[in-house]
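J.: Note that the protein sequences, when read in sequence, are chains B and D. Each residue of the first sequence is one higher than the one before, starting from 1 at the first, in this note's numbering. Each residue of the second sequence is one higher than the one before, starting from 1 at the first, in this note's numbering.
Incorrect hints may have been included.
To be verified - Beta-carbon label-pair distances, calculated as ranges:
hint, chain 1, residue 1, chain 2, residue 2, range
1, D, Ile80, B, Gln50, 46 to 52 Å
2, B, Pro108, D, Thr93, 51 to 57 Å
3, B, Arg81, D, Phe130, 29 to 35 Å
4, D, Ile173, B, Leu328, 47 to 53 Å
5, D, Leu71, B, Gln167, 44 to 50 Å
6, B, Gln294, D, Thr93, 53 to 59 Å
7, B, Ile76, D, Asp150, 43 to 49 Å
Stated by the list, open to error - Far from chain D, some chain B residues (derived; all Cβ distances over 12 Å):
hint, residue
8, Ala126
9, Ala129
10, Gly166
11, Gly308
12, Arg325
Everything labelled a hint here was simulated from the structure, so no lab data went into it. Since we're looking at a predicted model, the values are computed, not measured. Every residue gets a Cβ at the ideal spot worked out from N, C-alpha and C, and that includes glycine.
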Amino acid sequence: MEQLANPDQREEKRNLDDGRTWFSTPAAWVGLILLGGGGAVAFFSEDRLQRFLQSYLFAYTFFLTLALGALFFVLISHLTRAGWSVTLRRLAEDLAVCLWLSALLFVPIILGLGHLYEWARPEIVANDALLQEKEAYLNVPFFILRWVFYFTVWIGLAHYFYRLSGQQDETGDPALTLRMERLSAPGMLLFSLTITFASFDLLMSLDAHWFSTIFGVYFFSGMVASFFALLALLVIVIQRFGILEQSVTVEHLHDLGKLTFGFIVFWAYIAFSQYMLIWYANLPEETGWYERRQEGAWMWASLVLLVGHFFVPFLFLMSKHIKRRKGLLAAGACWVLLMHAFDLYWIIMPQKHFGEAGRIPFHPFDVVCMAGFALLFFAAGRDAMRRRCLIPQRDPRLAEALAFENES
Amino acid sequence: MDESGAKEHVDRGEFPGHRTASGVLAEFETPADLVRAAVRVREAGYRRWDAHTPFPIHGLDRAMGIKDTALGWIVLGGGIFGCLLGLWMQWWTNAVDYPFIISGKPLWSLPANIPIIFELTILFSALSAFFGMLILNGLPKHHHWAFSEDRFSRVTSDRYFISIEASDSNFDIEESRALLESAGSVGAKVVWEREHEDKLGSDNDGD
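Working from the sequences, and respecting the hints, build out all of it.
T.: Below, the structure written as structure tokens:
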């Protein structure tokens with residue numbers, strides 16, 4: 001800890017110092033029971049299996065995007081050689097490494113592909129000229145192959161940065177930083193390509209007739225905005241337990257608030273770009289997707305999304321005084337996360353083959369799956385966090401991060 | 001050489017004659033000295049003074065007691081104005097003054113108007129940020145008396161300065177200079193109005 005910028009700084013807690021392992025964490029068990037129980041209930045009443053899988057996909061995507069957002073933050077920090085964010089990077093490394101759990105939990109989606117995606121059902125493809133044309137890409141073996149590739153890239157990157165950063169805690173070798181920086185550029189390329197195609201596969205192909213080339217960017221914008229909200233929230237929560245009280249300052253929280261704000265605006269920009277081009281061109285093959293989201297109750301949901309995902313956080317997070325107050329920033333972060341979940345719900349649920357149009361198909365499975373995933377990811381994240389110091393304590397740029405200040 | 005140079009300036013200041021002072025200019029060797037001195041100047045109650053540095057120094061704003069800028073509010077106002085202007089302009093031109101149907105859309109159709117509204121919001125925000133910044137900083141300023149000091153040119157490389165304006169109500173030639181010297185300046189000097197007139201070669205005001 002000789003790198004402390006300010007020698008007057010008193011000692012602070014930098015570890016989740018408890019001896020509990022992943023499996024003894026009750027959260028993980030409760031999470032597993034919720035998901036398993038929900039799945040079992042659905043499985044033994046055949047007609048509800050599809051509804052369960054919809055909820056499962058909804059919750060799955062929410063936590064996948066948060067973990068991918070963490071991986072993005074690690075990559076971009078190294079790519080830009082960021083100094084300010086060093087004290088936050090370890091938390092992102094720990095969250096990104098939870099992607100192994102996403103890979104594991106992807107199995108039920110593969111098993112239930114036919115219930116979620118029409119292109120995975122031969123009897124529908126046989127009568128659908130468009131799906132036959134798209135079969136070269138949208139078929140089950142290639143889908144599985146692609147997802148194996150995505151997870152190899154994501155987990156490979158997440159573990160690489162997790163491991164090297166951990167090694168640096170022991171050796172203090174600045175060459176490790178250079179190695180991480182070197183991988184961050186090709187890593188970012190791979191990351192952007194894989195998340196784009198993953199968004200096409202996971203969400204866009206739910207309506208396999210529809211296409212939007214900007215969809216990957218839309219997916220990315222919501223992912224990053226909500227990750228920054230999560231990181232701000234995580235910092236505020238662990239500081240309440242007396243952890244990282246000195247090394248993460250109000251300046252860092254202010255910047256997390258700014259980044260959340262910025263990506264909220266970016267989300268709105270991309271969401272509107274997608275909407276306006278489709279609305280203006282007015283081509284039937286494209287407008288159907290939005291039309292379904294303007295029927296009956298979904299019209300109100302669309303307006304709530306517009307106001308709640310853009311106008312509310314835009315106006316709320318604009319002021320510096322709000323971003324620099326923990327309670328208010330935490331409230332804003334919770335709101336952004338809630339709206340991100342709502343955004344995914346709005347993308348996933350209104351599908352022709354999921355049931356009648358114009359009705360919001362709320363089901364207790366939504367809550368069960370969300371809670372199950374939340375508990376599992378809480379346990380996995382906590383497990384990654386408790387293994388080591390919560391800041392990269394011998395990173396060569398640590399002093400810069402500790403002394404970081406915004407220009408007022 | 002620095003030392004003697006500073007001395008010489010100070011000595012000349014001791015024979016003010018009938019000239020009026022522009023202010024006191026004090027030189028510091030390190031950012032830390034400057035920040036400490038800024039606290040002293042602020043605590044002495046000065047209002048019309050400034051610190052000059054080659055690069056931004058963290059904590060200097062707080063040491064000088066600079067209040068939060070009002071620029072954000074100016075930009076917000078500019079942004080709202082641009083937003084409303086874009087909305088009004090498209091409504092007036094396309095739906096009222098010269099109704100014209102474009103690609104089968106309603107005469108006044110919000111989604112089509114949003115890009116212009118957005119662009120005008122950005123444009124007027126940026127313009128108000130730019131001009132608001134200039135006005136709040138008192139720019140453009142073609143000359144400041146500190147520029148007539150040769151040593152002040154080092155402010156762009158390795159020296160730090162504090163200037164106190166003679167127009168400050170607390171200003172006192174001797175006291176202000178003494179304050180800066182006691183605050184760790186390596187050379188605090190009174191700058192006279194006359195000097196920069198000499199430099200400009202305009203000595204025709206009948207002194």
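J.: Could you work out which of the previously given hints the structure breaks and list their numbers from low to high?
T.: As far as the earlier hints go, only 6 is violated by this structure.
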